[in-house]
Amino acid sequence: TRLVLVNAVYFKGNWDTEFNKEHTEERPFRVSKNVEKPVQMMFKKSTCKITYIREISTQILVLPYVGQELNMVILLPSARTDLNMVEKALTYEKFIAWTKPDVMDEEEVEVFLPRFTLEESYDMEEFLRELGMTDAFKEARADFRGMSSWRGLHLSKVIHKSLVEVTEEGTEAVCRTGED
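Numbering (full-length UniProt numbering), first residue to last: 1 to 180.
It should be emphasised that the hints constitute simulated quantities derived from the structure, not laboratory data.
Since the model is a prediction, treat every value here as computed from it, not as a measurement.
Be aware that a few hints might be false.
[As the list claims (entries may be wrong)] With a straight-line Cα cutoff of 25 Å, these simulated DSS-like cross-link-like pairs (lysine-lysine) come out:
1) Lys33 x Lys100
2) Lys94 x Lys138
3) Lys100 x Lys138
4) Lys157 x Lys138
5) Lys161 x Lys12
6) Lys12 x Lys33
7) Lys88 x Lys33
8) Lys12 x Lys44
[Said to hold, decoys possible] Pairwise CB distance ranges, derived in the manner of DEER restraints:
9) Thr91 x Val4: 34 to 42 Å
10) Met85 x Gly152: 48 to 56 Å
11) Leu5 x Glu120: 18 to 26 Å
12) Val109 x Glu36: 16 to 24 Å
13) Tyr52 x Thr91: 17 to 25 Å
14) Leu83 x Ser149: 26 to 34 Å
15) Glu18 x Asp123: 36 to 44 Å
16) Asp123 x Val66: 20 to 28 Å
No residue lacks a Cβ here, since even glycine has one placed at the ideal position from N, Cα and C.
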């Protein structure tokens, strides 16, 4: 290995109002219209911003972190709503419109949220090539002279890894992109 490129992002946010661990218990979580799985479900009563978007039959709930500058925004489709339909309808512009302060109501709600960890790893080479970044992967064409005088320097692999953990205390997220 002659070159290692690493990019890392770390986030740790504690809930403005934590979930009480004593209220966490196994409960069913609806994965799809017809499938439920048992999960460790956290619970709290809290005053939160909430709205209902009729267009996609979905509730939107905002859970603030300490300081209330950052939030987790949760979309909860109704039991009869297909998640694929919600995903297809969701755009940046619609998300901004649906979560504007004048659209949200502040209400005391009972929040049931699964405690979970998500971990993923992606090989980014094909994605980067599709974006037009092809020369960096070819020994004969890569040009990293700004970093090294060695002519054969090129990317052999770019891997992106991410981990998100949601617990009673808050959310911790780590994303790392690196090259071999």
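Against the structure, the hints:
| no. | hint | verdict |
| --- | --- | --- |
| 1 | Lys33 x Lys100 | violated, 29 Å |
| 2 | Lys94 x Lys138 | violated, 40 Å |
| 3 | Lys100 x Lys138 | violated, 46 Å |
| 4 | Lys157 x Lys138 | holds, 11 Å |
| 5 | Lys161 x Lys12 | holds, 17 Å |
| 6 | Lys12 x Lys33 | violated, 32 Å |
| 7 | Lys88 x Lys33 | holds, 17 Å |
| 8 | Lys12 x Lys44 | holds, 20 Å |
| 9 | Thr91 x Val4: 34 to 42 Å | holds, 36 Å |
| 10 | Met85 x Gly152: 48 to 56 Å | holds, 50 Å |
| 11 | Leu5 x Glu120: 18 to 26 Å | holds, 19 Å |
| 12 | Val109 x Glu36: 16 to 24 Å | holds, 22 Å |
| 13 | Tyr52 x Thr91: 17 to 25 Å | holds, 19 Å |
| 14 | Leu83 x Ser149: 26 to 34 Å | violated, 52 Å |
| 15 | Glu18 x Asp123: 36 to 44 Å | holds, 37 Å |
| 16 | Asp123 x Val66: 20 to 28 Å | violated, 36 Å |
Of the hints listed earlier, those the structure fails to meet are numbers 1, 2, 3, 6, 14 and 16, in rising order.
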